[in-house]
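Residue-level listing of the chains:
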Amino acid sequence: MALSRDDVAKLADLARLELTEAELERLVGQLDLILASVASVSQAAAAEVAPTSHALALVNVMREDEVTESLPPEAVLAMAPAVEEGRFRVPRILGESA
Amino acid sequence: MSPAERLLDFDQAMALFDPVLGLEVHVELNTRSKMFCGCSTAFGAEPNSQTCPVCLGLPGSLPVLNRRAVESAVRIGLALNCSIAQWCRFARKNYFYPDMPKDFQTSQYDEPICQGGQVTVEVSGQPYLIEIERAHMEEDAGKLVHVGVTGRIQGADHSLLDYNRAGVPLIEIVTKPVTGTGAQAPQVARAYVAYLRDLLRGLGVSDVRMEQGSLRCDANVSLMPKGASQLGTRTETKNVNSLRSIERALRYEIRRQAAVLVDGGRVKQETRHWHEDVGLTSPGRSKEQAEDYRYFPEPDLAPIAPSPEWVERLRRDLPEAPDQRVARLRLEWGFSEAEMRDVTGGGALDRVAQTVAAGATPTAARKWWTTELARWANQAGVELDDVPMTPDQVAEVQALIDRGVINDKLARRVFEAVLAGQGAPDEVVRSLGLAVVSDGAALSQAVQRAIAAQPEAAQSIRQGKVQAVGALIGQVMKDLRGQADAATVRQLILDELT
Amino acid sequence: MNELILKGAAELSQLMADGQVSSQEITQACLDRIAQVESAVAAFLHVDAERALAQAQRIDRQRAAGQALGPLAGVPVALKDSFAYAGAPTTCGSLILRDWIPPYNATVTQRLLDAGLVILGKTNLDEFAMGSSTENSAFGPTHNPWDLERVPGGSGGGSAASLVAFETPLAIGSDTGGSIRQPAAVTGTIGVKPTYGGSSRYGLVAMASSLDQPGPCARGVLDAALLHRVIAGWDPKDSTSIDAPVPDVVQAAGQTDLTGLRIGVVKELGGEGYAAGVERRFTEAVGLLEAAGAQLSEVSCPHFPLALGAYYLIMPSEVSSNLARFDAVRYGWRVNDDGRHSVEQVMRRSRGAGFGDEAKRRIILGTYALSSGYYDAYYGSAQKVRTLIIEDFAAAFERVDVLISPATPTTAFKLGERAGDPLAMYKADLCTIPSNLAGNAAASFPVGLSPEDGMPVGLQVMAPPLADDRLYRVGAALELALRQQWSGPLWAELVRREESR
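Residue numbers (the numbering used here), protein chains in the order written: chain U, 1 to 98; chain S, 99 to 596; chain D, 597 to 1097.
If you are wondering where the hints come from, they were derived from the structure by calculation, not from laboratory data. Don't take every hint at face value.
Stated by the list, open to error - Now the stretches of chain D that chain S is said to cover, found in silico as 3 or more residues with beta-carbon under 8 Å:
id, stretch
1, 694-705
2, 773-786
3, 832-846
4, 917-926
5, 956-969
Stated by the list, open to error - Using 30 Å as the maximum straight-line C-alpha spacing, the simulated BS3-like pairs for lysine-lysine come out as follows:
id, chain 1, residue 1, chain 2, residue 2
6, S, K366, S, K336
7, S, K274, S, K366
8, S, K366, U, K10
9, D, K1010, D, K863
10, S, K507, S, K576
11, S, K324, S, K336
12, S, K324, S, K366
13, S, K336, U, K10
14, D, K863, U, K10
For every residue, glycine included, the Cβ atom is placed at its ideal position computed from N, Cα and C.
Same shape as in the complex, but just chain U:
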């Protein structure tokens, strides 16, 4: 499965990554090579094999519903690129939430 320049541009868009033309071109070639090298994985994965998402079989790891101390708002906002009225400030939003 070869990826076109447009495919990579779409993926970059989905991943919110701005790429230069040169970066796009380079990635198309590299991704093709990488995908070719991992093709054996799809071939080896037989239908009857169960997938593993977690290496160790832990279940039901939970905490009690107890309130713990939050960070001081000053410390939280000190990290922010922009702040207004105790809130994180962002430029205008074009899209709507999912």
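Position chains S and D relative to chain U; hints supplied.
Chains S and D only, in chain U's frame:
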């Protein structure tokens, strides 16, 4: 906002099409702490004061699941007659949005904790079966404030973020397509959400305050030409923040879609927003491209495997289901089916029950909540729950009547004053001087004045024509501006003249 | 050369306990050494001299006051820059986090501080721990002290290099596909990846959550075990951490007799693509293990050749999701916030400017592997191969107690040699990746210098989950045999070279 679109008359629409509903309800759980961290979930705190590395999505932070949230999810599932998964996982729903600290939502995808339930709701005495597709756990996002002239996302100059709500546990309850409701579709949707609200409140798992967003409904509807079996294209209406607006928004969408179809057009699959103030829906901004959420199992959380013993224990401890409760209370209160429908249809069940618990008779409690208070709520455009008068206060007014301090007519003025925020019932009775005159001297003076004013009537009574007493009672009541107990006045007049 | 910088953690602890040296003297010696060699090695991104000396002073006072102290109290340690350390820059080697100062400590960081260790600073790494050479750091590469023109491995090249530059006796790493073990191998140091869940990931900036694992780095086996004991153990803040006692790694590091231990040599990890010098040193080491009493046999793990491919689907998938949060909204570098650009544009540009080539490559690859229509063929298949790898290990561990292989196919390569060829770079982790996919414990121990290029060679030991102690048992036996053979540690050669200059 787009200009109003053409609408078909509702009855006309119903003659041509069958609506198919789909309801997605988001419930904010009332756990003390968030879904994956120990930050408080209390409503209304200073912005960003209830945040930590986990719910801010700081690099390196990891989630740990709140046991109570899982328990609530299971209890909700059981109450909705769902089956509880023996093993399920969280998944990451990947998409970028500034209100999502990790730019993925920790949610459940193809392994919901609850699946395949059903409930029955009633509209005008007719039962409707609502099948539940699934109920799953997820986390809430932060809150955006849009700064600019419109105050809305469109046209905003910039936006501000408060992450106090980010990570608050949510349960999303999704119905299967609901068919066969015909013209009752909007009421069925409303009845379903009201049922859920009562059920969730009974379970004690959520504050279920629609206006605060702890119960949110996305209403999907599509139209199917009568006799067809192929589902039509649906729209999803968001921002439906009250029971009333569910009904209104669906009615609007049905009429709008019907007009589109009758005109030979095609309904666009889209998200629409309900505008309560103007009573219409408008399309959301279309997405740049179809979303691809790239779900995959959340590696940072272990799978959940509720043990059968635990699930059975939770099932045993479930409170009574809302419909069973209605049946039980109807018998306890001695109401007719019609009377009970009045109560439940108006969303007054809890209020009436609480008023009865505060000492009023069921009949009195029903009377006030389905007449005086229902009228006020309707005029104010709010739910009965949001009427600024407590069941205790209603019971207090009734007690004042029963003790003869006020009469029915005065009681209505007490309600008005309490609802206007002028104080508790006893306070308004005092401050407005609404108590009936029970001072013997004042009453007999008034009786004397009435006799003097209407000598013929007095003479008739002296001659044994007791029915003439009505005129004198009226005179006394007028004199005392209604603040007297008619029976007491009658007795005083008769004592005086016979 | 100040003798203190050559001493290991266990020895320094003893000297402090005996009152022969203070933590302040040790810390100052390390800081002096850092000042002396950093311009050539570039192992550190940030040196936290002030707080290090303050902590050293505190420990000295506590010791003077007769307070009970942990065995490593007062010993300096270097922290990979992917661990949150409140008050210190935590960049992960990325421009996007170049100004980020976390408001909290990673659990590993907290445990180091609580145990009285002295954190010297933050070490260099490939951006977000993605690489095998440290060349992907936005702040320049680290150099291998054995040959400054060669890479120190990666991603934890800074931590590994700092040990053999004698800047610190101990360092912390994190291992997703070999980021502790591969740098250890190519620098002649010891690096241990505990069982997945054996040490807490809380506060370790995630690369691939289901694979990442913090672990100890040191010049000696006992030192690594002592550090392992400090950082390991259940953490309620990490849902994937194991609520079980930590295996007694320190006791195991004191054993040198391998009688009765069954060791399997993995058949699939050798042969074509493996440097002759690496295979030679590996074979010699196998002989030493046999001489120490172990029973050697060859074991086949037939699905290991698929591990690299599965890894390069699972890891980038998780990366694409884990790196999404770097969106310039709450923290990190924001570009083009000039009132004209929307938040979407600002996010795109900030991420485009803030991430380096390898990060972008993996984000795109992962986004693709998870995208609708391709999930089953890529991510889904890779998860199935993961099952097959786990089954290979399980079958092997029924026959043997530990598995061994070369830690890397080759020795350290030259800076720039593989920079333009991602696939060649990825192959550096060929031997280490299976243990990340399966979650078992694994370590690399030095077994000499390759006769081809004079660069260190590492031997990998792999043990079943929660049998981390077996790694140390094998490592200790190997260390003893080799030190007898060399009349000292491998790194003594570096000291001789430096002193002869």
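Holds or violated: K1010 of chain D with K863 of chain D, Cα cutoff 30 Å? Within the cut-off at roughly 28 Å; holds.
Are there at least three residues in the stretch 956-969 of chain D whose beta carbon sits under 8 Å from a beta carbon of chain S? holds (count 4)
Holds or violated: K366 of chain S with K10 of chain U, Cα cutoff 30 Å? 24 Å, holds
Taking 30 Å as the top limit, are the C-alpha atoms of K366 of chain S and K336 of chain S close enough? Distance ~16 Å between K366 of chain S and K336 of chain S Cα, so the pair holds.
Take a quick look at whether K324 of chain S and K366 of chain S sit within 30 Å of each other, Cα to Cα. Roughly 20 Å separates the two Cα atoms, so the pair holds.
Does the structure keep K274 of chain S and K366 of chain S at a Cα separation of 30 Å or less? 21 Å, holds
Are there three or more residues in the stretch 694-705 of chain D whose C-beta lies closer than 8 Å to some C-beta of chain S? This one holds; 5 residues, not fewer than the three required, reach chain S with a Cβ under 8 Å.
Quickly compare the C-alpha distance for K336 of chain S and K10 of chain U to 30 Å and report which way the hint goes. Satisfied, since the Cα-Cα distance of roughly 29 Å is no more than 30 Å.
Hint check: K324 of chain S vs K336 of chain S, CA-CA at most 30 Å. Holds or violated? Roughly 27 Å separates the two Cα atoms, so the pair holds.
Is the hinted pair K507 of chain S and K576 of chain S satisfied, with a Cα-Cα distance of at most 30 Å? This hinted pair holds, its Cα atoms lying about 13 Å apart.
Please verify the coverage claim for the stretch 917-926 of chain D: does it have three or more residues whose C-beta sits within 8 Å of some C-beta in chain S? As far as the stretch 917-926 of chain D goes, the hint holds, because 7 residues have Cβ atoms under 8 Å from chain S.
Are at least 3 residues of the stretch 832-846 of chain D within less than 8 Å of chain S when you compare beta carbons? Since three or more residues must qualify, the claim that chain S covers the stretch 832-846 of chain D holds, with 5 doing so at under 8 Å.
Checked against the numbered hints listed earlier, the structure breaks hints 2 and 14; every other hint is satisfied.
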